[in-house]
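Starting from the given sequences, assemble the full structure and let the hints guide the process.
2 protein chains.
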Amino acid sequence: MTETTSTTASEDGGDWLSATVTRNPGEHATVIDSAKAAENPETAETVAKIKALRQSIDNVDTAIVSLLAERFKYTSQVGVLKARAGFAPADYKREDYQIERLHRIAVAAGLDPDIAEMYREFVVTEAKKRHQRIAEAGGDPGVLDVFA
Amino acid sequence: MTETTSTTASEDGGDWLSATVTRNPGEHATVIDSAKAAENPETAETVAKIKALRQSIDNVDTAIVSLLAERFKYTSQVGVLKARAGFAPADYKREDYQIERLHRIAVAAGLDPDIAEMYREFVVTEAKKRHQRIAEAGGDPGVLDVFA
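Sequence order for the protein chains is Z and X. Take the first sequence: its position 105, counting from 1, is numbered 105 in my numbering, and each next residue is one higher. Take the second sequence: its position 123, counting from 1, is numbered 123 in my numbering, and each next residue is one higher.
Don't read these hints as lab results, they were simulated from the structure. Note that CB positions come from ideal geometry on N, CA and C, so glycine has one too. Check the hints yourself; a few may be wrong.
Stated by the list, open to error - Restraint-style ranges between C-beta atoms, simulated for each label pair:
id, chain 1, residue 1, chain 2, residue 2, range
1, X, 110, Z, 27, 33 to 39 Å
2, X, 140, Z, 48, 19 to 25 Å
3, X, 42, Z, 52, 54 to 60 Å
4, X, 143, Z, 142, 44 to 50 Å
5, X, 92, Z, 145, 44 to 50 Å
6, X, 44, Z, 139, 14 to 20 Å
Now the structure itself:
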């Protein structure tokens, strides 16, 4: 069972704070920070290592979010072309090709291919939803800029 | 309502073919290929544009899957450190930080922040599941290499 709780307020504020996070009520959590590091020298070393790894993780996330921005700009253009030509949002032959391709790339990169498939499912599902909205707006991609 | 159908077989084979794709039975689909392009010259031009955009999308996916591979190598190391120190897989303070940070980066990059949040939810949920498996294996990261 999961419950949904609000996130804490940020300093830069904004109405996006209505965003919610799903958390398991029975889940254990540890805050890894300087207070945790003060417990003993061995803990301090572990906390320092985790902090360094988290910086690398943040760098990877910056790169991925930037690439996702480019990906959705491209799929938005595809959505406009499809809508104007009367093509449907979905193309299963293309999806099968993507499934095989990403599986292969994931294995070569040392990534569990299940994760690559979850990634593909996520982006393709979102792209198709957005293609549908463009089609319903008569081929207008501006319909997607509601967040700007 | 959705139903789950098997994917088509690939030439390079393998047991990953048990992977399934969720598809809406009422969903319309269009195969965009050379047969579609042969319909008329205007359609041929649209198909050529879509093919070019799809190549860029594939390039972005290659980069993202490679980065996801690095991300999960980093989080696997964090999982080992947490398990050995007796820290829980979850850290909500870290998650709140990530939510704010990725929201900000998404807006700056022109990406709908809802997509950045879906991305974060996906990778953090998977990382925590994997941290749990490492903890249950007594801090052994090799437990995650079952796909190799």
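To see whether the hints hold, each was checked on the structure:
1. 110(X) to 27(Z): 33 to 39 Å: Given range 33 to 39 Å: holds, Cβ gap about 34 Å.
2. 140(X) to 48(Z): 19 to 25 Å: Distance hint for residue 140(X), residue 48(Z) holds at roughly 23 Å.
3. 42(X) to 52(Z): 54 to 60 Å: Holds, at about 55 Å.
4. 143(X) to 142(Z): 44 to 50 Å: 48 Å, holds
5. 92(X) to 145(Z): 44 to 50 Å: Violated - the Cβ-Cβ distance for residue 92(X) and residue 145(Z), about 32 Å, lies outside 44 to 50 Å.
6. 44(X) to 139(Z): 14 to 20 Å: Since the Cβ atoms of residue 44(X) and residue 139(Z) sit about 19 Å apart, the hinted range of 14 to 20 Å holds.
In summary, the structure is inconsistent with hint 5 from the numbered list given earlier, while agreeing with all the others.
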